[in-house]
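A.B. asks: Sequence:
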Amino acid sequence: MRRAGGPREAAARWDISTPARPGRLPGIAMAGFRDLSTAPLDLPVIPYPAVTVAVDLGDGLIVDDVHGRQQRGGVVFGLVPDGVRVRGRNIDCLQIRLSPVLAHAVLGASLESGGEMVALDALWGRDAARTHERLRAAASWPERFAIAEAALARAHEAGRAVDPEVAHAWRRVEGSRGQVRVESLAAEVGWSRKRLWARFRSQIGLTPKRAARLVRFDHAAHRLAAGHSAGSVAVESGYADQSHLHRDVMAFTGATPTAVSAAPWLAVDDVAWAVRGRASSGL
48 MRRAGGPREA AARWDISTPA RPGRLPGIAM AGFRDLSTAP LDLPVIPYPA VTVAVDLGDG
108 LIVDDVHGRQ QRGGVVFGLV PDGVRVRGRN IDCLQIRLSP VLAHAVLGAS LESGGEMVAL
168 DALWGRDAAR THERLRAAAS WPERFAIAEA ALARAHEAGR AVDPEVAHAW RRVEGSRGQV
228 RVESLAAEVG WSRKRLWARF RSQIGLTPKR AARLVRFDHA AHRLAAGHSA GSVAVESGYA
288 DQSHLHRDVM AFTGATPTAV SAAPWLAVDD VAWAVRGRAS SGL
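Mapping of the sequence shown onto this note's numbering: residues 48 to 330, in sequence order.
If you are wondering where the hints come from, they were derived from the structure by calculation, not from laboratory data.
There may be inaccurate statements among the hints.
Simulated DEER-style distance windows between Cβ atoms [what the hints assert, rightly or not]: (1) SER239 to ALA197: 39 to 45 Å; (2) ARG201 to HIS291: 40 to 46 Å; (3) GLY278 to ALA245: 34 to 40 Å.
Keep in mind that this is a model prediction, so the values were computed, not measured.
Think of the CB as a built atom: it goes at the ideal place given N, C-alpha and C, for glycine as much as any other residue.
Whole structure, please, built from the sequences with the hints as guidance.
C.D. replies: Okay, structure coming up:
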């Protein structure tokens, strides 16, 4: 989490654990967070091209959405969690990022944009409660990662995969860093633009165009957080100009590129979400 008094100070707040090796299912990234600070936490969640599952392993995590709803315990939020904030104190939690292609099968549904978040037990029922209990009782992070991976694998096996055409379209959107036209995607999969739009939205949770904007924004946000100027980021990320970048960043976060470059949520990305484990790598 980035720059309260600077990125190092913000990141130092967290003891972060990650799996020692990639898991069996591609498109999943996991990290464990233990709060080393006694100060209260209150962070906005920056949109990211993955569905996020947060499992509270203590009693300190609170997640609020733009509608004033509050979740504790286990929560899932979608690709563009408008107005979602993470609050609490002495937080101990497991966070899982799922490629939206994988998430459709694992969760049994897609989460629409607009700040939607749901309790994990609303999706997994009793299995969620049992898995949560085992995670809280586990003695180590490797054990927790193994429990979570096994639960995700079971859900994936029982779930329904997205259409191959939708999976291909997502891979192209991500691989191009959001710089691909919907017409080109439709032609590649042999569908009409209208059919691709409808199927992609129902299974991924966003339209292809908005998904492309999100992937492009994510690349730009991480470049900004790495210290690159807004002008250079706009050029390399495919924006028409710096004003275009500014408008897109404001649309996704309600903040300026300068503010996003210092966003606490981005400060630990290089530690918690190493490139080899980024959930947005898809399937």
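A.B. asks: Evaluate each hint against the coordinates.
C.D. replies: Against the structure, the hints:
1. SER239 to ALA197: 39 to 45 Å: For SER239 and ALA197 the Cβ distance comes to about 40 Å; the hint holds.
2. ARG201 to HIS291: 40 to 46 Å: Taking Cβ atoms as reference, ARG201 and HIS291 lie about 44 Å apart, which means the hint holds.
3. GLY278 to ALA245: 34 to 40 Å: holds (38 Å)
When each numbered hint is compared with the structure, no violation occurs for any of them.
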